[in-house]
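Please build the complex by placing chain B on the supplied structure of chain A, with the hints as guidance.
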Amino acid sequence: GNSVTQMEGPVTLSEEAFLTINCTYTATGYPSLFWYVQYPGEGLQLLLKATKADDKGSNKGFEATYRKETTSFHLEKGSVQVSDSAVYFCALSDQSGAGSYQLTFGKGTKLSVIP
Amino acid sequence: GAGVSQSPSNKVTEKGKDVELRCDPISGHTALYWYRQRLGQGLEFLIYFQGNSAPDKSGLPSDRFSAERTGESVSTLTIQRTQQEDSAVYLCASSSPRYFLGDTQYFGPGTRLTVL
Chain A
1431 GNSVTQMEGP VTLSEEAFLT INCTYTATGY PSLFWYVQYP GEGLQLLLKA
1481 TKADDKGSNK GFEATYRKET TSFHLEKGSV QVSDSAVYFC ALSDQSGAGS
1531 YQLTFGKGTK LSVIP
Chain B
164 GAGVSQSPSN KVTEKGKDVE LRCDPISGHT ALYWYRQRLG QGLEFLIYFQ
214 GNSAPDKSGL PSDRFSAERT GESVSTLTIQ RTQQEDSAVY LCASSSPRYF
264 LGDTQYFGPG TRLTVL
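Protein chains in written order, with this note's numbering: chain A, 1431 to 1545; chain B, 164 to 279.
Do not rely on the hints blindly, as some may be mistaken.
[Unchecked claim] Result set (BS3-like, lysine-lysine): computed pairs, CA atoms no more than 27 Å apart in a straight line:
hint: 1; chain 1: A; residue 1: Lys-1537; chain 2: A; residue 2: Lys-1498
hint: 2; chain 1: A; residue 1: Lys-1537; chain 2: B; residue 2: Lys-174
hint: 3; chain 1: A; residue 1: Lys-1486; chain 2: A; residue 2: Lys-1537
hint: 4; chain 1: B; residue 1: Lys-174; chain 2: B; residue 2: Lys-220
hint: 5; chain 1: A; residue 1: Lys-1537; chain 2: A; residue 2: Lys-1490
hint: 6; chain 1: B; residue 1: Lys-220; chain 2: A; residue 2: Lys-1540
hint: 7; chain 1: B; residue 1: Lys-220; chain 2: A; residue 2: Lys-1537
hint: 8; chain 1: A; residue 1: Lys-1498; chain 2: A; residue 2: Lys-1540
hint: 9; chain 1: A; residue 1: Lys-1540; chain 2: A; residue 2: Lys-1490
I should point out that these hints are in silico values taken from the structure, not numbers from a laboratory.
No experiment lies behind these values; they were computed from the predicted model shown.
Just chain A, same shape as in the assembly:
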């Protein structure tokens, strides 16, 4: 079956530090890959996505590249801000036998950025 493994947190960084959150996946098909973010007190929202190998998703200074050869989709940001403090979820979408495009999520990584 499908699975997503992401680095466990919590991760605490100083403002302007470089961020990497590792994510690897196992899929039976050829999935699309996503990073979702959950800010404190808010709902889950899409951060970025990539739908085919070597695609780079980017948004709000975050980026991740779909690496088929290493089955990875690591999230990076060059300079984090306090406002980036949130829980980050890596996920994949692969069509199930019953036809749905359900998301399979990692367990989430909590990021705290301190001034």
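Just chain B now, kept in the frame of chain A:
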């Protein structure tokens, strides 16, 4: 509406009671998903609706869980004879009808269920 809405936002119930959770998807989104997020865990898929097709129920953890959807609008998730392990945040998501792996799913704020 502007986004996916869910009600109630919080529900506290006693073990053995039935609960009903509601989801209003984004207008025009024919695909609707329910997920569960238990403490310290990622989201788990529960059930999927797409238009008038038969739902994908493969993620429902037991026969105490069921869900319905009226056409392409509101969905309700029902948990019968609740157990303490049902305590979780239940999230609903909808997406546009493009039948594409890369479709973005838009999530509601969730219902936090606590079973005492």
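**Request:** Please work out if A:Lys-1486 and A:Lys-1537 have their alpha carbons no farther apart than 27 Å.
**Result:** holds, 22 Å
**Message:** Against the 27 Å threshold, does the CA-CA distance of B:Lys-174 and B:Lys-220 hold or violate the hint?
**Reply:** holds, 23 Å
**Item:** Pair hint outcome, A:Lys-1498 versus A:Lys-1540 [Cα-Cα no greater than 27 Å]
**Value:** holds, 26 Å
**Item:** Hint consistency between A:Lys-1537 and B:Lys-174 [alpha-carbon to alpha-carbon, up to 27 Å]
**Value:** Within the cut-off at roughly 24 Å; holds.
**Message:** Next pair to validate is A:Lys-1537 with A:Lys-1498; report whether the Cα-Cα distance is within 27 Å.
**Reply:** The given pair, whose Cα atoms are some 21 Å apart, holds under the 27 Å limit.
**Given pair status - A:Lys-1490, A:Lys-1537, alpha carbons within 27 Å** = holds, 22 Å
**Straight-line alpha-carbon gap A:Lys-1540 to A:Lys-1490, limit 27 Å** = holds, 18 Å
**Message:** Given the hinted pair B:Lys-220 and A:Lys-1537, is their Cα-Cα distance within 27 Å?
**Reply:** Holds - the C-alpha atoms of A:Lys-1537 and B:Lys-220 are around 22 Å apart, at most 27 Å.
**Request:** Verify the proposed pairing of B:Lys-220 with A:Lys-1540, using a straight-line Cα cut of 27 Å.
**Result:** Violated: B:Lys-220 and A:Lys-1540 sit about 30 Å apart, past 27 Å.
In this structure, the one hint that does not hold is number 6.
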